[in-house]
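Asks: Hey, can you work out the whole structure from these sequences and the hints?
Protein chains in written order, with this note's numbering: chain L, 250 to 899; chain H, 2 to 318; chain W, 5 to 244.
Certain hints may be false.
To spell it out: a stretch of chain W is covered by chain H in this simulated footprint if at least three of its residues, at any positions, have a beta carbon under 8 Å from a beta carbon of chain H; those stretches are [unchecked claim]: (1) 30 to 41; (2) 99 to 113; (3) 129 to 142; (4) 172 to 178; (5) 209 to 217.
Derived by calculation from the structure, the hints in this document are not laboratory data. Think of the CB as a built atom: it goes at the ideal place given N, C-alpha and C, for glycine as much as any other residue.
Next come the chains, spelled out residue by residue.
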Amino acid sequence: MSKVVFSSWTGKIVDNRGLDAEKYAEVENLEFPLQYNGREIEAFMSWNGVVVADGRVNIVDMAYCYLKEVQKLSCGECNVGYAGIKVMTDILERISSGKGGEEDVELLGRLGTGIKENAKCEFCASAVTPILDTIDYYKQEYVKLITSKQAAPKSSYIIRVTAPCMEACPAHQDIPGYMELIRNRRFTEALELIRKTNCLPGVLGRACVAFCEAKCIRSDIDSSIAIRALKRVPADYEMSSQSELKFEKKGNGEKVAVIGAGPAGLAASYNLALMGYKVTIYDEQPSAGGMALVGIPSYRLPKDILKREVDIIKDLGIEFKLNTRVGKDITLEQISGQGFKAIFIATGAHLGRESDIENWKKEYEGLIDGIDFLRNVNLGKKVAPKNRVIIVGGGNAAVDCARTCLRLGCKDVTIVYRRSRGEMPARREEVEEAEREGVKIHFLALPVKVLTEGSKVTGAECIRMELGEPDASGRRRPIPVKGSEFVMETDMIISATGEAPDLSFLTGKEQIKITEQGTIEVEPIKFQTGKAEVFSGGDCVIGPATLSEAIAAGNRAARSIDQYLRTGKVIPSDEDVVENWLCDVALGRERDGKIFASEPRQSPEQLAIPDRLRDFNEVEQCLSFEAAAKETERCLRCYRVMLLAVTSEK
Amino acid sequence: MEKYAVYVPRLVPRRENFAPGHRACIGCGEALAVRLACKALGQNVIIVTATGCIEIISSQLPWTSWRVPWIHTLFENTAAVASGIEAGLKAMIRKGRRPAKDIKVVAMAGDGGTSDIGVQALSGALERGHNFLYLCFDNEAYMNTGIQRSSATPYGASTTTAPAGKESIGQTTWKKNMPAIAAAHDIPYVATACPSYPFDLVEKVARGAMVSGPAYIHIFSVCPTGWRCPPDLTIRIGRLAVETGIFPLYEVEDGKYKLSFDFPQLRPVQDYLRLQGRFRHLSPDIISEIQSRVTEEYEKLRQNVVRTGEPNEQSSF
Amino acid sequence: MVKLTIDDKVVEAEEGSTILDVANQAGIYIPTLCSHESLSPVGSCRICAVEIVTNGKSGLTMACTYPVEAGLEVRTGSEKVIEARKLAVELLLAQRPHSARIQELAQKLGIEQPSFALKGRECILCELCVRACHEIVGTDAITFVAQGKDRDTDEASVVHSVEKCIGCDSCAYICPTEAITVEDVGDTRTINTPSGKLEFKLKKCKVCGNYWAPEKQIEYIAKESGTSLEEYDICPNCRD
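Replies: Printed below as a string of structure tokens:
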């Protein structure tokens with residue numbers, strides 16, 4: 250709800266020009282605030298329309314600067330797009346520098362309409378929308394410049410290029426960018442682009458939850474693009490072609506310590522090393538990877554893939570101190586004393602939530618926490634299979650435990666989850682594959698008591714659940730149904746109901762605050778803790794989350810650390826602020842009208858079931874180059890360019 | 002060998018506008034040339050054909066090989082009928098009696114119907130500047146009626162009406178230079194082509210059809226039946242004709258001569274002559290006479306290129 | 005078989021065929037530039053625009069890429085279509101005014117001069133050569149330059165990989181704007197591309213002494229067909 254001079258956002262026109270401010274009609278569909286980092290937004294131009302908050306900005310100058318940015322992203326794959334936008338940009342340059350001609354406005358309109366209707370992909374077709382709006386509603390501004398032969402007064406703008414998939418991705422990977430590169434078989438360049446914001450492409454190409462796919466606009470037409478599977482293609486290509494990656498090796502700068510060699514720690518180290526800092530990573534495990542190492546089974550993420558990607562990061566000159574637990578083998582204070590100018594804590598969330606099932610005692614044979622179970626298997630420790638196993642929980646960890654048990658030889662594997670299928674937080678593909686492999690899932694049930702005979706587990710007393718009102722997470726709360734107890738016979742119960750960060754290495758004297766949820770408190774956007782030189786990010790800050798969120802945190806924390814080390818302060822840049830500001834702007838298709846033909850999604854091949862269960866062979870295969878090319882053809886290139894005109898600071 | 006030869010067959014239009022099943026002799030170079038030309042022409046054409054081999058073999062009632070509109074004219078008036086159709090189309094479009102669709106009129110005739118009995122009508126049509134393409138399929142005799150000589154029969158060839166024997170060497174006059182006659186009318190496009198260079202032929206017919214105004218293409222059509230050569234050597238003999246300089250491939254575009262293929266050294270004409278029964282009787286003296294004339298004519302052609310064309314445009318083999 | 009309407013004519017088409025296939029069968033003319041019946045379509049020239057109504061939505065699409073659907077309504081000559089085609093051709097004419105193909109298209113649409121100026125270029129990014137090299141020849145020697153992240157559409161054009169190109173000239177054959185040309189002089193074939201020249205040594209025939217094909221092409225074909233190189237010492241004309 251805002252009062253502005255003019256808005257064509259989502260196609261609804263509100264034109265308050267010429268009216269007194271009190272009489273302004275409200276604009277109801279502006280979902281974003283009109284303040285930006287303490288400054289007022291004067292005007293905003295983007296694919297969904299133009300918003301003019303106050304009349305100071307010259308609309309023609311804005312249109313020109315906007316289209317100049319658009320032109321940089323024009324892909325060249327269709328004549329009308331690249332040539333048409335170029336002509337329009339030339340015309341706008343002419344007009345805004347006082348050299349416009351009489352026919353220019355009409356020509357601009359004709360080109361804009363032509364591009365909107367006939368360009369090949371979503372990008373150019375939607376990018377011209379605001380220009381057409383200005384011609385419809387601000388024509389006199391153009392005419393004024395043409396007849397007066399005056400140049401338009403210039404402003405400076407904040408520019409952001411994004412896309413629905415890019416916004417959904419916590420690390421803001423340039424997805425349409427690498428789609429295009431894969432389509433043109435430029436795998437090395439695609440990999441370079443991916444690595445700019447993601448130092449573990451092979452890992453995420455296999456294990457990422459793919460927030461991007463949930464927001465992919467292609468699903469309006471048929472189904473979302475297989476972005477995750479496509480991300481893997483250049484990573485695998487690099488491995489099979491053994492091409493040399495080129496990095497600028499630096500490392501003469503100041504020392505930074507990173508605690509935790511998980512995705513967040515690796516991402517921060519990677520970025521810091523490329524910026525010239527000398528990084529040392531501490532990790533308690535014998536090899537690096539964090540949750541990617543100990544949490545994700547090798548049939549989803551082969552260990553050699555992780556090792557190769559870690560080695561690439563190591564080759565930047567980063568020192569790894571493995572088998573070193575901070576808090577036990579070395580303290581935080583000792584680390585500080587070793588001349589590190591900044592510390593990044595990324596210890597993740599590796600503590601299994603304590604099971605509240607009655608009679609859960611560690612001395613019984615056959616009870617184990619899910620995280621511990623997975624860690625043992627992933628670190629190569631021998632785990633004797635039991636015949637019947639129950640796994641409590643519904644997240645990815647629970648499903649990982651279940652499928653791992655099958656591969657260890659367990660004959661009867663059942664997941665028991667207290668809500669229904671729709672509320673399961675695990676990736677839907679994982680659940681489906683688990684069921685295909687033979688995992689049974691018991692919905693709306695919860696074990697309440699461990700049944701034993703001597704020191705062995707013999708079963709679990711369970712109770713049925715029904716769904717009540719939604720709880721804080723938005724999902725319907727499970728309520729036990731009185732008197733519905735039943736017994737499930739089993740030899741082993743794995744509890745995989747959640748993880749929590751283990752912050753026992755903090756003594757409490759470090760000025761680092763811990764939140765009510767048991768995570769490290771940091772300033773938003775800055776990732777800085779209460780102690781100036783200590784930063785933190787990843788699962789230990791936001792609670793158990795995903796690989797991509799951890800990498801995003803590592804990337805951004807590295808920027809903050811760099812700024813802190815150079816200037817002593819952390820002031821979020823425009824880029825950081827607009828990243829957050831954009832979260833409120835919906836990236837929809839209200840004004841896009843292009844028709845696209847339906848094409849089936851190319852899904853990667855899965856290993857046949859009998860071949861899978863014999864061993865921990867990787868289940869999902871890489872898309873073939875032909876399939877990858879076909880799948881990237883479906884990408885609509887939904888880049889959105891946004892231009893903000895912001896009042897300068899006083 | 003033609004430079005595009007290896008992969009381009011898969012890039013040539015696949016549709017056969019000249020349907021198979023016609024009655025041409027085994028190894029007929031002319032039928033091959035017509036088929037290729039029809040690929041280049043597409044479907045928006047009206048084909049006008051004189052009496053001759055092609056007309057006979059392609060239209061035996063009730064069947065036809067023509068998948069496009071086609072009319073059979075008299076032997077001598079193909080160019081005139083083509084002119085009439087072209088003018089008629091223009092008028093009907095102008096008067097709004099037909100939608101303004103692009104239809105090209107293409108005349109097809111043999112050497113008899115072109116350089117002999119048809120030359121009058123052709124000259125008139127070229128002079129009047131009609132927008133049509135004229136293709137002359139030259140098998141160097143009146144083959145349809147039994148291998149009688151025409152003005153296109155080469156010097157020293159034996160035909161039934163100019164047979165070789167004790168008194169005569171066969172044809173005693175040099176082959177009439179029809180492309181030069183067409184070029185003398187100052188029309189926008191003249192070319193020579195041979196189905197042994199299929200992509201060159203297709204390109205030239207396409208170019209001729211795109212011209213606005215009269216265009217003439219002279220197409221060398223090997224006739225194993227009439228030339229008394231093995232039917233599996235049609236392509237080879239066509240190539241030899243080009244490589245010896247006997248039938249050079251060139252274009253004249255708005256007066257500028259351009260060689261399609263040139264050779265650092267022409268092969269001796271003997272390589273071409275010895276494969277054909279119609280030249281079997283030739284003595285070494287006649288052969289060397291033919292050789293010097295061929296060399297001379299080729300040199301003249303080269304000079305035309307230099308005189309009128311841009312030197313860089315010459316592409317060589 | 006799928007039933008659809010094109011210009012009010014009801015036609016039946018095979019599943020998987022495109023609107024362009026259907027139009028060709030029905031004798032309806034749709035101008036094209038970047039499409040070729042032996043190559044997969046890309047829809048880059050934007051000239052074959054047609055107006056369709058599907059699922060209640062109407063708009064423009066490319067005839068060469070849009071597959072037939074039951075109940076599809078197609079218009080090949082509406083005002084919207086003609087305007088779109090005119091713009092597409094005008095843009096091309098402004099970039100490559102000397103191309104005979106583009107001039108022919110412009111003439112058919114009644115365009116004399118483009119109403120705007122654009123920097124001239126040889127390669128119009130129609131991708132015909134890229135596709136021919138990938139799908140017909142199989143050496144995949146042609147890609148785009150100045151595309152991808154450091155794109156500059158003013159400078160974008162095709163580039164040949166010196167390692168992969170075998171000098172077969174299919175690209176020159178199919179290029180509609182003569183951006184790629186070929187010259188055979190003496191024992192060298194030169195392929196002129198928008199991003200540079202490639203030279204190939206031609207093989208000399210043992211019998212007639214004429215240079216008949218690039219050695220690299222012969223090596224490639226010998227390898228693909230499993231024949232020995234000696235078989236290519238004599239050119240096809242001289243073989244018996």
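Asks: Each hint needs a verdict: does it hold in this structure or not?
Replies: Evaluation of the provided hints:
With 4 residues having a Cβ less than 8 Å from any Cβ of chain H, the region 30 to 41 of chain W passes the three-residue criterion, so the hint holds. Requiring three or more residues with a Cβ within less than 8 Å of a Cβ of chain H, the coverage given for the region 99 to 113 of chain W holds, as 3 such residues are present. Here the region 129 to 142 of chain W counts 3 residues with a CB under 8 Å from a CB of chain H, which clears the bar of 3, and the coverage holds. Look at the region 172 to 178 of chain W against chain H: 6 of its residues bring a Cβ nearer than 8 Å to a Cβ of that chain, three or more, so the hint holds.
With 6 residues having a Cβ less than 8 Å from any Cβ of chain H, the region 209 to 217 of chain W passes the three-residue criterion, so the hint holds.
When the structure is compared with the earlier hints, no violation turns up for any of them.
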